[in-house]
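Colleague: Given chain U, put chain S in place with the hints provided.
Residue numbers (the UniProt record's numbering), protein chains in the order written: chain U, 1 to 245; chain S, 1 to 245.
I should point out that these hints are in silico values taken from the structure, not numbers from a laboratory.
Warning: the hint list may mix true and false statements.
As the list makes no split between identical chains, a pair holds if one copy fits it or if it spans any two.
To be verified - Subject to a maximum C-alpha distance of 25 Å in a straight line, what follows is the list of computed SDA-like cross-link-like pairs (lysine to any residue):
#1 Lys218 / Leu4
#2 Lys102 / Trp124
#3 Lys132 / Leu152
#4 Lys218 / Ser142
#5 Lys135 / Pro215
#6 Lys132 / Leu167
#7 Lys36 / Pro11
#8 Lys132 / Lys207
#9 Lys102 / Thr129
#10 Lys123 / Ser142
#11 Lys132 / Ile145
#12 Lys132 / Glu33
#13 Lys245 / Ala81
#14 Lys232 / Met171
#15 Lys102 / Glu85
#16 Lys98 / Glu84
#17 Lys240 / Asn183
#18 Lys128 / Glu199
#19 Lys98 / Phe79
#20 Lys98 / Lys176
#21 Lys123 / Gln13
#22 Lys80 / Gly42
#23 Lys34 / Glu169
If you're wondering where the values come from, they're calculated on a predicted model, not measured in any experiment.
Number of protein chains: 2
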Amino acid sequence: MHKLKNTDTKPPQETDKEACKLKTGELQEQLREKQKILYAQGEYSILVILQGLDASGKDGVLNDVFSGLNLLGVQVAAFKAPTEEESRHDFLWRIHQKVPGKGIIGIFNRSHYEDVLVPRVEKWIDDKTIKKRFKHINDFESLLIENNTVILKFYLHVSAEEQKERLTERMENRTKFWKHNDNDWQVATKRDIYLDAYEDIFEHCSKAADWHIVPADKNWYKNHIIAKATLKALEQLPLKYPDLK
Amino acid sequence: MHKLKNTDTKPPQETDKEACKLKTGELQEQLREKQKILYAQGEYSILVILQGLDASGKDGVLNDVFSGLNLLGVQVAAFKAPTEEESRHDFLWRIHQKVPGKGIIGIFNRSHYEDVLVPRVEKWIDDKTIKKRFKHINDFESLLIENNTVILKFYLHVSAEEQKERLTERMENRTKFWKHNDNDWQVATKRDIYLDAYEDIFEHCSKAADWHIVPADKNWYKNHIIAKATLKALEQLPLKYPDLK
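With the rest of the complex left out, here is chain U (with noise of 0.2 Å):
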């Protein structure tokens, strides 16, 4: 079991910022020519997913990981507050509808794991229900699997002050005023909980696809990370362009 509050928000001391950014597009660079082949030959698909607390960088990782790709092959999905008509269904019906065909690198800004946390810190919903949604994205995620999509599932883990420091900067900020929403800081009082609750998700599905917990005090240490386990995942793939027909 991952121990969220003894786990590092921060790269190893020993990292150099430039030498990482500077590595950081090399594998950017391998990733546009891996996108390629995935796209021609259009059999496996990827999807990522990223989780994280308010502020904890899920929209940079778009801007910054992923905006070299080539946008055809590209599918980006945030998912907020329900809407009504999405309500009126079961929790993974707007999520399945949005996952990437063969072929696609779909990313997900939150997803189906919201499911499991906001009801649940709100206690909305009981908890013999967050277990049956459990197994519900087990299910979900092996037919995902079996369809040859590799799922990439990153937790963005961001320290109480760094998050602190970046709502501050949302209220100062004019660039930045958009993303302010007074409910990010209540919830911010909350993060015991919600570690606590995304500690069990952890625990009970990572059945079809393991997280990868990135440290993501530093935007840069995060894109590495999120880069190098993506551009993996790619390498493992057996991907090679179609042969002419």
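Modeller: This is chain S only, laid out in the frame that chain U set:
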């Protein structure tokens, strides 16, 4: 285990056709009343799944049993051979999108069960994959049921003789030409293999919701059975008009 080959495709001999049709009309009247409440309440949904060999009368059910319902609260989906986009996703992807939201009666003309029939009979997928699909179907149906959906699965059981007669009519009656498909005749020659595949489905995919085997040689009897089962399902729900808010 069902033994379809020894199961009646005709109504019980004593059944009076005219009395039965009259009764069906009454059931439909009650269906309409119950549907009003289902829709107004918006807490439960009904999913009717129609399966059966070609010319077993699936389209007819839509017209004859459900056509009187308030269209605001009905949603029909017909599943034919998957499109290219659908083929790029897992077999439940297109199905999940079309499940009824709360308050709605959804009717599937063919369904995810086609994905454990045609590919199996044609040997496009192996037995191991079939078994996995059975499990995914059960998990998927459980997800819907836990979300207040009542699933009614009808297998329309038609005799070889009646099927042949109907397929022939499609080549002789101008208003039915559009339904003619040479391939249906070829499929009809594989009747026994399809019945075996169906029996396997009944055995493995009745966990979440049971199958109704409907004698379908006579449309008036088939319609009666389906109207009755659907009404019964509605009657078992704690339906009530919402209070004034």
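Colleague: If you test the structure against every hint from before, which numbers come out violated?
Modeller: Hints 4, 5, 6, 7, 12, 14, 17, 20, 21, 23 contradicted; others consistent.
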